[in-house]
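Based on the provided sequences and hints, a complete structural model is requested.
One line per chain: the protein sequences are A and B, in this order. Residue numbering for the first sequence follows my numbering, starting at 1 and increasing by one per position. Residue numbering for the second sequence follows my numbering, starting at 653 and increasing by one per position.
Where hints are given, some of them may not hold.
Claimed, not checked - Cβ pair distances, simulated, as ranges:
#1 A:Glu380 / B:Phe944: 52 to 62 Å
#2 A:Asp39 / B:Phe758: 37 to 47 Å
#3 B:Leu1144 / A:Gln309: 43 to 53 Å
#4 A:Leu612 / B:Glu848: 34 to 44 Å
#5 A:Pro304 / B:Ser917: 13 to 23 Å
#6 A:Pro585 / B:Tyr883: 44 to 54 Å
#7 B:Leu1015 / A:Ile243: 44 to 54 Å
#8 B:Asn754 / A:Lys148: 35 to 45 Å
#9 B:Arg963 / A:Phe106: 35 to 45 Å
#10 A:Asp615 / B:Leu1015: 42 to 52 Å
#11 B:Glu1021 / A:Leu612: 24 to 34 Å
#12 A:Ile243 / B:Arg963: 29 to 39 Å
What the hints assert, rightly or not - Computed cross-link-like contacts, SDA-like style, restricted to lysine to any residue with a CA-CA straight-line distance of at most 20 Å:
#13 A:Lys637 / B:Ala787
#14 A:Lys277 / B:Leu1279
#15 B:Lys1233 / A:Asp588
#16 B:Lys929 / A:Leu627
#17 B:Lys1233 / A:Met589
#18 A:Lys277 / B:Phe1281
Derived by calculation from the structure, the hints in this document are not laboratory data. Nothing here was measured: the structure is a model prediction, and the numbers come from that model. Glycine is no exception: its CB is placed at the ideal position from the N, C-alpha and C atoms.
Protein chains: 2
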Amino acid sequence: MELVCPVFNDLSFTPRVVLELASDTKEEAITWLLSRIRDTQYNGGTELLVEQLGPGADAQEKENPNMFLVGATWQRLLSGAEDLGLFKEFNDGSMRAFTCANKYNFKDFKGDGDSFLSTAECQYIIKHELDTLRAKDETHVPGLSRVKLYPGKSVIRRLLSKGILIQVFPLHEKEELKRLSFAWYKKVKLSFQPLEDIRHYYGEGQALYFGFLEYFTFALVPMALIGVPYYLFDWEDYDKYVIFASFNLVWCTVILELWKRCSSSLAYRWGTLSRKKAFEEPRPGFHGVLGFNPVTGRQEPLYPNAKRQLRVYLVSLPFVLLCLYLSLYVMMIYFLMEGWALSVHDAEPTFWTGILCFIPSVLYAVVIEIMNLIYRYAAEFLTEWENHRLESSYQNHLVLKVLVFNFFNCFASLFYIAFVMQDMVLLRQSLATLLITSQILNQLMEAFLPYWLQRRRNKKMVRKIHKGKTLEDQELPLANQVRLEADMSTYLGTFDDYLELFLLFGYVSLFSCVYPLAAVLVVLNNITEVYSDAFKMCRVFKRPFSDPAANIGVWQLAFEAMSVIAVVTNCSLIGMSPQVKAYFPDSDMQLILWTVAIEHGLLAFKFILTFLIPDVPKHIQINLSRLEFESREALKKKVKSDNTVASTQNVA
Amino acid sequence: MELVCPVFNDLSFTPRVVLELASDTKEEAITWLLSRIRDTQYNGGTELLVEQLGPGADAQEKENPNMFLVGATWQRLLSGAEDLGLFKEFNDGSMRAFTCANKYNFKDFKGDGDSFLSTAECQYIIKHELDTLRAKDETHVPGLSRVKLYPGKSVIRRLLSKGILIQVFPLHEKEELKRLSFAWYKKVKLSFQPLEDIRHYYGEGQALYFGFLEYFTFALVPMALIGVPYYLFDWEDYDKYVIFASFNLVWCTVILELWKRCSSSLAYRWGTLSRKKAFEEPRPGFHGVLGFNPVTGRQEPLYPNAKRQLRVYLVSLPFVLLCLYLSLYVMMIYFLMEGWALSVHDAEPTFWTGILCFIPSVLYAVVIEIMNLIYRYAAEFLTEWENHRLESSYQNHLVLKVLVFNFFNCFASLFYIAFVMQDMVLLRQSLATLLITSQILNQLMEAFLPYWLQRRRNKKMVRKIHKGKTLEDQELPLANQVRLEADMSTYLGTFDDYLELFLLFGYVSLFSCVYPLAAVLVVLNNITEVYSDAFKMCRVFKRPFSDPAANIGVWQLAFEAMSVIAVVTNCSLIGMSPQVKAYFPDSDMQLILWTVAIEHGLLAFKFILTFLIPDVPKHIQINLSRLEFESREALKKKVKSDNTVASTQNVA
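Printed below as a string of structure tokens:
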């Protein structure tokens, strides 16, 4: 019952994943790799199907011949799903770990070649199986003596880290993608995103990002609605922001708590909430002295934790602090230049001095962008050098580094204006400028530039084959389609998307009381963001492997930290408002003491609230504990019947 | 291979647990209960051994005849241990859930009647089995139509809540107890407590309490050592406390973090760290409309959560706030009286006015004690009325209520003196008075009063039997021993002990910079506390059932909350010190702003520290994940071999 798509009919199986080896790889190594992939699981292989990709129509000399298509039988995919502990919907509506023995009790399981597993799941299974293809007693890859192996080493990861394997990527599914993109961004109508379809096609990690983006947009709507009349009627009344700031305070705590519940509902529905993560392999770049992992007992490189900590605390931390200091320094120069330009303009206002006034901010913006870019490379280099064993820990350290610096770059000048210069008019101007320019720049850099590049590449490929016909959705032969996708840019994960949302959240929660239109701008930005992100996922990038995430991970923490900072900032802004100052005409000290006291009370209240609102909705908790209870009862029954058998045997 | 103690030789089994039924319980009900207990597990019984206790030597008319001794065969205890998922040490040194099939692979498992299970574990198993003795299709207890039952209801809990079953308690083990008490408090020497023996005899919950007490005492030693020279040389130099306060800040954060690691080490060694808690039964007093539990599917009373929340937020919370207000009110009256007494004394100092000066504080102390007592009853009543389903949630709500009130009563006056009156001399005096008096009172009320009562009871019993001989460790016949223990006071759990430590921790962490001798006093108090607590556990109270706790639960949170308050308090004290004020001679505002900024920095640092220090030491984490990994690999192998069998069959 193999489901074979019509375009792929020169193959005996549905291709799922592409392996691209370096074009100069020796024949011997390729033969060995293919035979290891095809070998039975009993012999330590993966039992996957793999075929070399033929040359495309109108093949050229410089084309890489070493492209391989990987697929699997349905039987193999199902046993892989069981291996991974994938959760699927059971007949009774609950989510349970899939097992082959029980397969007919799962909803939607009909035959063997049905749509039980989504394409993203199939690709994820194949990737996992490829990743866990381990060396047996080879000391190196046959024909490539420089690619050392040791028993238990993941072959694919070693090939990747040595540059023999250029890339592994999953294939797009034209039909599904067309349906998805139609439902997602081609209809212009007011509706929710098709999260289920996104999850189906891109996996849970992507779907959670888009879910969060949507949630965040809706959460901003009340704020935007309140902001508009403020903007319209109190335009010059900067001291009316007390109520708005108080609203801000409550809002940013509550939406983050509710998002946790929302996210766990989604993760429960998608079966990632209670799924246990498999034991994490070391990341490809990890190196160290060969030894035995104390957990698995397998051979793998070991790197002493103390050494890593030394690198983190003695090199990376001082480096980050130095960069922050530099960023502050640049900021101070900017303010000096701005002051100087203003004084020149005030002394003798001409057209040229008017233009001179703009130069500092433009320069500052450019310098900030350059600094961000350089810092990003430095952070990646440093985090790589820290030599983290796990991809997750690498990511966390990278996120932390980039986050702190970006936060500083974006907000330091605003804090300076707000609390040192105490100039609310300037604060509002800067905020508006920052928000609007960053928004426009982002959309351009993120989606339209890559799209334009991709479009050129596409056209070239189509023209090459059809000799002048430029129909865009013309179907390409498999070989050309694969090569086209291999040339697409690689999607580097949700990092930058979350970072952007994080900074937007910062603008709104920290300072929107000063510039009530901020929420409106962010809502508008988010709406276009949905479209541009959807567009770039579907049209610009290679399909990414799905990532069965249960939550937004370290970003939840980052947003919560921001909301704590927001409480402190808003309290200070309230304390500084002329409205509040009027209550304490005699004593500034009284005012400050009261502000601090109320701020502490609010922080305490915030923590109590975090504590009181359960992270998982009641009904999901009940479902989870019912499953837990059932499995425990079943185990107990088994134990008891075993005992009865044993004691009967004893008696006999 | 039954191990029968010599004193118990009129019984065919070792008695572990005593059931005391009301003396007027109908014969029919007793017969039914005993047959249900003795019935096989297959028939829904517990398969435990149970015998009526005979009359004691020199039995009196008024003795309750309905005392029953419960025990079990070794086979039954082992299967019970498996049922409960008890963790024991495996041959390779790791802790694993005990299973009968694997029993010979566990360390110390030798035969059947060996010392593999401690007496505390045996008693815990029997208690669990009794608790899970469920009604089948009885609608009421035979002979007692008012004691309603429904299928699945725990018989023992219903009998307890209806007062038919007066008490269930485990028996002391004279020999073991003698050894334990000798090692624990009879030797006066500088050594650690025998935590392993305590855990063996009283279970993990008690052992953790004593472990925490010991840890806390040691943690205080550096502070006490610093405190002594401060006290000796800077007696009148109240403004030298900045360094001490800074030390305080770091200290209280670090010791709590380290305790978490310490506690998880202990819990790992005792096998409670990774043990999963069994599904919790509703507590005996819980009532509601009969329905089906959504998790277990069993019949049990249901009570809507919304109703409980209403009771908590609309009745209990306002009540607590009212009590706090009252407490504040009483405090203000005290300060007024004190001021008045002082003014009288100052105007015309005589002997009588000198005594008059003491009257307000004595009165206040008495009123506080009375208020605490009344409030405690009220809190218990309210929490009972909130109708919590689980004992743990009942305990949490009770702890929270009592904690907040006690905190207020103890510290409100100190805060008032420190921050409103800003009188450091008075603060030091009050602190010293409070610490010393509460210490003396506590030791008296906690250990010596109950001991004195118990001693009288003991003597009466011994005199009754031996007619005048008063040798204290004379061995009593079993029947008399059981009756003697039944009359002992019941140990009400570690609540009050932790509460005392919590308040002591408060005195030290909040204000010890003002009165550096506080740490010394608390250390002394803790040393006597160890002895008096040990003494009361061994001699005064009934043996408690063991409680397989993995940590100190809600108290960890309470101590952490206190340490946050300590940071704020210490920062304010530092900010108020003349030493620091000297740096800002012109502007109070600058001083406050700096203080607040530093305080925020410290709080942030504290949270980062909490985040950075892992709660579980590395080697234990590795052990845990190795066990996890092994069990997962075993499961995978099983799945694969099953699949191979299945596919072979398919082929055939």
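To see whether the hints hold, each was checked on the structure:
1. A:Glu380 / B:Phe944: 52 to 62 Å: 56 Å, holds
2. A:Asp39 / B:Phe758: 37 to 47 Å: 40 Å Cβ-Cβ, so the 37 to 47 Å window holds.
3. B:Leu1144 / A:Gln309: 43 to 53 Å: 46 Å, holds
4. A:Leu612 / B:Glu848: 34 to 44 Å: Since the Cβ atoms of Leu612 of chain A and Glu848 of chain B sit about 39 Å apart, the hinted range of 34 to 44 Å holds.
5. A:Pro304 / B:Ser917: 13 to 23 Å: Cβ of Pro304 of chain A to Cβ of Ser917 of chain B: about 22 Å, so the range 13 to 23 Å holds.
6. A:Pro585 / B:Tyr883: 44 to 54 Å: 45 Å, holds
7. B:Leu1015 / A:Ile243: 44 to 54 Å: About 47 Å separates the Cβ atoms of Leu1015 of chain B and Ile243 of chain A, which means 44 to 54 Å holds.
8. B:Asn754 / A:Lys148: 35 to 45 Å: Given range 35 to 45 Å: holds, Cβ gap about 40 Å.
9. B:Arg963 / A:Phe106: 35 to 45 Å: 43 Å, holds
10. A:Asp615 / B:Leu1015: 42 to 52 Å: Hint holds: Cβ distance 48 Å, inside 42 to 52 Å.
11. B:Glu1021 / A:Leu612: 24 to 34 Å: 32 Å, holds
12. A:Ile243 / B:Arg963: 29 to 39 Å: 33 Å, holds
13. A:Lys637 / B:Ala787: Status holds; Cα separation ~19 Å.
14. A:Lys277 / B:Leu1279: Holds, because 15 Å separates the two Cα atoms, which is no more than 20 Å.
15. B:Lys1233 / A:Asp588: Satisfied, since the Cα-Cα distance of roughly 17 Å is no more than 20 Å.
16. B:Lys929 / A:Leu627: 15 Å, holds
17. B:Lys1233 / A:Met589: 14 Å, holds
18. A:Lys277 / B:Phe1281: 11 Å, holds
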